[in-house]
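Q: If you want the building blocks of each chain, they are given just below.
There are 2 protein chains.
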Amino acid sequence: MGTTQLEAVPEPKYWHLKTVLGRALDSDFAVGEVLPNERELAARFGVARATLRQALEQLELEGRLQRRRGVGTTVAPPRVGVDVSTTQHEWPGAAQDAWQPIDSTTAPAPAGVARLLETEAEEAVHTVRRIRMTHGQSVAAELLYVPSSSVPELSAIDAPSGPARARGILRELQRLGLDGQDRAVELGSARADDAKELDRLPGAPVLVVTTRYIVAGRTAAVSVATYRADTCRLTFGDSGDLEISDQQPQARRAS
Amino acid sequence: MGTTQLEAVPEPKYWHLKTVLGRALDSDFAVGEVLPNERELAARFGVARATLRQALEQLELEGRLQRRRGVGTTVAPPRVGVDVSTTQHEWPGAAQDAWQPIDSTTAPAPAGVARLLETEAEEAVHTVRRIRMTHGQSVAAELLYVPSSSVPELSAIDAPSGPARARGILRELQRLGLDGQDRAVELGSARADDAKELDRLPGAPVLVVTTRYIVAGRTAAVSVATYRADTCRLTFGDSGDLEISDQQPQARRAS
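Those protein sequence lines, which keep their order, are chains A and B.
If you read the first sequence in our numbering, its first letter stands for residue 1, the second for the next number, and so on.
If you read the second sequence in our numbering, its first letter stands for residue 256, the second for the next number, and so on.
Any given hint might turn out to be false.
[Unchecked claim] Okay, derived cross-link-like pairs now, SDA-like style, lysine to any residue, Cα gap no bigger than 25 Å in a straight line: (1) A:K13 with B:P457; (2) B:K451 with A:T73; (3) B:K268 with A:E123; (4) B:K451 with A:P205; (5) B:K451 with A:R53; (6) A:K13 with B:A305; (7) A:K196 with B:R324; (8) B:K268 with A:A43; (9) B:K268 with A:R23; (10) B:K451 with A:K196; (11) B:K268 with A:V71; (12) B:K451 with A:P202; (13) A:K13 with B:R324; (14) B:K451 with A:A95; (15) A:K13 with B:E266; (16) A:K13 with B:G391; (17) A:K196 with B:P267; (18) A:K13 with B:D448; (19) B:K451 with A:V71; (20) A:K196 with B:P460; (21) B:K268 with A:E11; (22) B:K451 with A:A192; (23) B:K268 with A:V20; (24) B:K268 with A:K13; (25) B:K451 with A:R69; (26) B:K451 with A:V20; (27) A:K13 with B:V275; (28) A:K196 with B:E266; (29) A:K196 with B:A331.
[Said to hold, decoys possible] Some chain B residues judged to face chain A by a derived CB distance under 8 Å, without partners named: (30) V330; (31) R334; (32) A439; (33) L442; (34) L462; (35) R488.
Don't read these hints as lab results, they were simulated from the structure.
For every residue, glycine included, the Cβ atom is placed at its ideal position computed from N, Cα and C.
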């Protein structure tokens, strides 16, 4: 990495520094390599610590850097494409599903979910917790909300909670004719429990995918899935996978 | 807003503060209302400025707060659902397209885009710049890359750049049989030029949607669209719009 001083530029200083740092990452660092500490980097580039920190935050947002407790800041591997395209008429838990059910509870749904489900506030809703693994790493955590009225036969099953119950709920869903689903993707921050599953700190940026499952014109289930935003690209589409580039979107456009 | 002191909790302090602040936003503040300044808020909740700032950043990530220069921190309106589902066989620029072409240039593509397009490094690529407006506000900026080999008839057109040229390129695309498209969504940070269009600071979190258009088994065009992550939810799906909840994903799950 050079010792270039930053020249005066019309764009914000941290932004210019980010571009310079990004190029240095491409040319001088390998994936997984630990960056020098902030004080040293700030001195090398002749900027204030605050400016450096802003630039590092940008690079983290773009998935170029990872900050890990006890390790420091390392150069991130390219993001992994995670397929989130769906077969419109397939329920969660169908064969080849990438998700593993790990737990289940039954309680009234949070207010926002109850609104999406159009359930009464006090109606019991089964919540199935699932984890999605890719290359041995958990990339997403999901809460799947299923109103008890969607799976009326379930009460016959013994297990009151846990993975067995979760599998029972998923089995019951397969019996319903699924008319379709719609979904939304938005930015969020990891809840404490999701953060733990995803090996992140609470509040880390995540991509939240909300899916509504439609049966006979009403919402029979709602899934809220939280994907690591640092390591994942969500892929959609019917023409095969979008090739994983070894560049981040920023670099793709600016390099 | 109360003057509750935070009790000792096992989760990080900023995270607990975020939850408390989130509830206060629901109950005591209206959309658009300006929050008290950081010093005052930190004193009210009995926390350090750094802790407060972390909690405010979380709420900003979740789209609950907006920070604007010269205004301060305001309570954000609910995110707007922006439909990004596509008709698989429709080109950009078809009728009812939500995007407005604003400019066009021709130059070799950035390295990452050239890789996706499988063009030679020196091949001329037309770049169409478009803006997407919703409710009179620009919500997304796009660069659409079209190799000159995809639109060989274009050279007959006079305008060398600008919106007329952009429309000409889009017209030429309609002549090609589109086999399909695939796309990926990931987190990014706004480039300086996009940030300006989107009325954000450079580096603001954005959702980057990369679309590859396939003609006869090869990539005939690539679009890189940058959506404001603070105000947008990207919606997909064939069963109508996912209802816009008045809660953010966090609140939806935790409230």
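Q: Flag every earlier hint the structure violates by its number, smallest first.
A: As far as the earlier hints go, 2, 3, 7, 8, 9, 10, 12, 14, 15, 16, 19, 21, 22, 23, 24, 25, 27, 29, 30 are violated by this structure, in ascending order.
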